[in-house]
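**Q** Those sequence lines, one after another, are chains P and V. Just so you know, the first sequence maps onto residues 1 to 259 in my numbering. Just so you know, the second sequence maps onto residues 1001 to 1259 in my numbering.
Hints in this document: simulated from the structure, not taken from any laboratory. The beta-carbon is built from N, C-alpha and C at its ideal position, and this holds for glycine as well. Be aware that a few hints might be false.
Unchecked claim - The following label-pair restraints were derived from C-beta to C-beta distances:
#1 V:Ala1062 with P:Lys109: 20 to 30 Å
#2 V:Arg1226 with P:Asp48: 24 to 34 Å
#3 P:Asp48 with V:Thr1120: 19 to 29 Å
#4 P:Pro66 with V:His1164: 19 to 29 Å
Claimed, not checked - Covered, in the sense of this in silico footprint (three residues per stretch, anywhere, with C-beta under 8 Å from a C-beta of chain P), are these stretches of chain V:
#5 1046-1059
#6 1184-1195
#7 1210-1224
Protein chains: 2
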Amino acid sequence: MMLLGRGLDARDNQTRQMQDAVSNVEKHFGELCQIFAGYVRKTARLRDKADLLVNEIYAYAATETPNLKVGLKNFADEFSRLQDYRQAEVDRLEAKVVEPLKCYGTIVKLKRDDLRATLTAKSREAKQLSQLEKTRQRNPSDLHVIAENELHRASLDATRTTRHLEETIDNFEKQKIRDIKNIFSEFITIEMLFHGKALEIYTAAYQNIQNIDENEDLEISRRMLRKDEEEDEEEDEDDEEDDEEDEFDATKEAFTRFR
Amino acid sequence: MMLLGRGLDARDNQTRQMQDAVSNVEKHFGELCQIFAGYVRKTARLRDKADLLVNEIYAYAATETPNLKVGLKNFADEFSRLQDYRQAEVDRLEAKVVEPLKCYGTIVKLKRDDLRATLTAKSREAKQLSQLEKTRQRNPSDLHVIAENELHRASLDATRTTRHLEETIDNFEKQKIRDIKNIFSEFITIEMLFHGKALEIYTAAYQNIQNIDENEDLEISRRMLRKDEEEDEEEDEDDEEDDEEDEFDATKEAFTRFR
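Start from the sequences and build out the full structure, keeping to the hints where you can.
**A** So this is what it looks like as structure tokens:
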């Protein structure tokens, strides 16, 4: 009887241990889910800033001399393309990392229910087994045969339930390790895809910047200043009243000539 | 005289055009500076989230079976190393992109002062030239020689100032294009350095996750559960009063066994 009592204690310890293990996974997967979601959000914020940068570079390029204009515009095109890949990174991380971690909450809950049901059955059977043992000891004669049969059946049930419990625990552990490997592998793959694209795109973007011919642009802006002076000097028959309009035109021209 | 008058107008147009160009650069470099600073800030926030992730992975790994524990810990080590490179990215972008753009405000201000001084001189000289021309026309006889000399000197001054103005504009344009090429090249180089490191580190990190031997861990957790049961069944001489302490120990053990 002492032995059976200790057996029940051992099962209680196992139960607690398993429930602690499930709670532990529930807790840490929850934390991981939240932090990964934060990581994805910050990546999306970085993309937002990069989009602003793209727009500002386009706006500035439009006011510049031809070579600088083209160089900056091409850089902005490439940088904008990279932000599309960053958006894909965000979407993929959401779908392949955050979502599966979120789903884990439900999986863990179901596993815990399954585990609890099995443990309840196991405990009930163990008590039944202990009860029959007592009955047999108290009535060694008349109830012997019936008790012996019941004891045998109860023992078989307890063994089957123990095996089911072990399978439940096993499946939980197996799925957990597989899911972790899966989620982290997805994370790494998605990040690598983005970093690879970034290297490829920046390589092209670097050439766009390096190819800006500063001497040609300087020559162009020199010619423009001189041409402006010559043009104005040729128009010497204009009335003084036109001056104000001229001033407006010149200002407008300065802003629009490189667009 | 009409020709000189138009010349002055032309110069005024040039002046406005140049001042517009300087203001334009001032404006856009200011905007670029702010947005790049935002981009760097968001990158730093992403690193913060990644740091949280590193800590949480360490915390979770400490509660797991040996293979999963080592795999996750190694992944966290690599991922943490990547965050050091992200910090380097942040520091470099701050020093080589944001700071130079910030300094540009001062450079543009100095250039504008230089330009204004030159333009003032040029305008003053042009008026002097026009004045002398008038004087010569009004007094063609007695003041002829003096006026002619003064006219010649004033004309030389005006030419010299024009050349200085052209040089000032030229230097401004030259420095601007060089600085843009420099700043954007630095940006791309810094980003590429980070993305390259990321690819390298994730490649190693991927192996850490793939190498997690799930079967060995499952075997270990099975052995632990069985050993627990056997141990408890052997300790059958313990008093019932010890039960409460046993429960506490079992809970503690469940939390600490994989650490």
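**Q** Closer than 8 Å, Cβ to Cβ, for at least three residues: run that test on the segment 1184-1195 of chain V against chain P and report holds or violated.
**A** Coverage by chain P holds here, the residue count being 7 at a Cβ distance below 8 Å.
**Q** Taking 24 to 34 Å as the hint, is the beta-carbon distance of arginine 1226 of chain V and aspartate 48 of chain P inside that range?
**A** violated (54 Å)
**Q** Mind checking, does the segment 1046-1059 of chain V have 3 or more residues with a CB under 8 Å from chain P?
**A** Answer holds; 9 residues pass the 8 Å Cβ test.
**Q** Taking the CB of proline 66 of chain P and the CB of histidine 1164 of chain V, does the distance hold inside 19 to 29 Å?
**A** holds (26 Å)
**Q** Given the hint of 19 to 29 Å, is the C-beta distance from aspartate 48 of chain P to threonine 1120 of chain V inside that range or not?
**A** violated (45 Å)
**Q** Starting from the range 20 to 30 Å, see whether the pair alanine 1062 of chain V and lysine 109 of chain P falls in it by beta-carbon distance.
**A** holds (24 Å)
**Q** Are there three or more residues in the segment 1210-1224 of chain V whose C-beta lies closer than 8 Å to some C-beta of chain P?
**A** holds (count 7)
In this structure, the hints that do not hold are numbers 2, 3, in rising order.
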